[in-house]
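Participant: Sequence:
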Amino acid sequence: MLLRPRDADQLSVMSFNLRYPALDGQPWRRRLPQAAAVIRQERPHLIGTQEGMLRQLTGLIDALPDHYQWLGEGREGGDAGEFTAVIYDSRRLEITHQEVSWLSERPHVPGSKSWGARYPRTMTVVDAVDTRTRAPLRFINVHLDHRSDHAQVNSAALILEKIREAGTESVLIGDFNAYKDRAVYRTLMDSGLLTDAVVSCPSETCEINTFHGYRGPRRDGQHMDWILHTAGLRTCATGVNIFGRGVQYPSDHFPLQALIEHCG
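The sequence shown maps to residues 1 to 264 in UniProt numbering.
Calculated from the structure, these hints are not laboratory results.
Fair warning: there could be bad hints in the mix.
For lysine-lysine, the following BS3-like pairs were computed, each having C-alpha atoms within a straight-line distance of at most 27 Å [what the hints assert, rightly or not]: (1) Lys162 - Lys113; (2) Lys180 - Lys113; (3) Lys180 - Lys162.
Computed spacing ranges between beta-carbons, pair by pair [unchecked claim]: (4) Leu54 - Gln248: 18 to 24 Å; (5) Arg164 - Ile61: 18 to 24 Å; (6) Gly246 - Glu94: 23 to 29 Å; (7) Pro27 - Gly264: 46 to 52 Å; (8) Pro65 - Asp7: 20 to 26 Å.
Where is the CB? At the ideal position from N, CA and C, for every residue including glycine.
I would like the entire structure built from these sequences, with the hints used as guidance.
Facilitator: Here is the structure:
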């Protein structure tokens with residue numbers, strides 16, 4: 001287990017780009033057992049996934065313990081296209097609200113895209129109550145456009161709106177398709193609302209790039225997968241999980257993990 005909570009009040013969260021079922025010599029049927037195994041090993045309370053298609057998500061849930069449930073909507077609307085699905089431990093998190101919106105000028109129009117984005121991109125917002133502490137939390141899971149800086153920055157503005165309106169502490173998880181020297185990171189951090197979990201609580205494994213393209217670990221410290229949170233939370237531990245090394249990687253991204261708790 002990479003991150004073991006030292007306190008029962010800590011929440012374990014994970015960002016996990018599942019990699020869609022591409023014809024790249026890494027079929028999902030081989031990767032699925034590894035994806036399920038890393039989740040069973042780490043036992044996160046919430047996972048923000050990216051790129052998963054409906055059959056990937058249903059297959060993954062079927063391979064996990066029954067207390068794991070999921071929610072989300074495909075980026076083309078309904079069950080179509082990639083999801084920014086949220087998987088959660090229903091024993092620890094009680095969902096009170098969920099919504100999917102599009103990172104575009106028409107956020108309530110399924111399949112919409114703007115600002116030069118190549119594909120539609122979605123934001124999944126989940127409000128939950130921690131059944132242990134009874135604290136409310138907002139979780140936001142995103143997958144930003146890979147081509148347009150303009151789309152990334154405008155998407156960040158929509159994300160910040162959801163954080164400001166929450167009325168609770170928030171955790172932002174996702175594949176931002178950008179390293180931390182890009183404008184989208186500065187936009188989020190300059191808002192004064194967010195703390196970077198890895199920056200506030202670095203670990204040796206966080207020197208490993210989160211995207212690896214099935215080539216294995218590289219220690220450049222380049223992360224396009226981020227976990228950020230608001231000021232009333234603190235990070236207790238972080239890590240990049242290289243599960244599958246030497247056997248079969250579950251994805252072309254390594255999962256990024258964090259243990260988070262309320263301050264005070």
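Participant: Does the hinted range 20 to 26 Å hold for Pro65 and Asp7 at CB?
Facilitator: Holds - the Cβ-Cβ distance for Pro65 and Asp7, about 22 Å, lies within 20 to 26 Å.
Participant: Kindly confirm whether 23 to 29 Å is satisfied by the beta carbon distance between Gly246 and Glu94.
Facilitator: 39 Å, violated
Participant: Taken at face value, is the distance from the CA of Lys113 to the CA of Lys180 at most 27 Å?
Facilitator: Cα-Cα ~24 Å, so holds.
Participant: Given a hinted range of 18 to 24 Å, is it respected by the beta-carbon distance of Leu54 and Gln248?
Facilitator: 23 Å, holds
Participant: For the pair Arg164 and Ile61, does the Cβ-Cβ distance stay inside 18 to 24 Å?
Facilitator: 32 Å, violated
Participant: Is it true that Pro27 and Gly264 lie within 46 to 52 Å of each other by Cβ?
Facilitator: Hint holds: Cβ distance 48 Å, inside 46 to 52 Å.
Participant: Under the criterion that the straight-line Cα-Cα distance not exceed 27 Å, is the pair Lys162, Lys113 satisfied?
Facilitator: OK: Lys162 and Lys113 at ~18 Å, within 27 Å.
Participant: Run the distance test for Lys180 versus Lys162: straight-line Cα separation, threshold 27 Å.
Facilitator: Roughly 21 Å between the alpha carbons, so the hint for Lys180 and Lys162 holds.
Of the numbered hints listed earlier, those contradicted by the structure are 5, 6.
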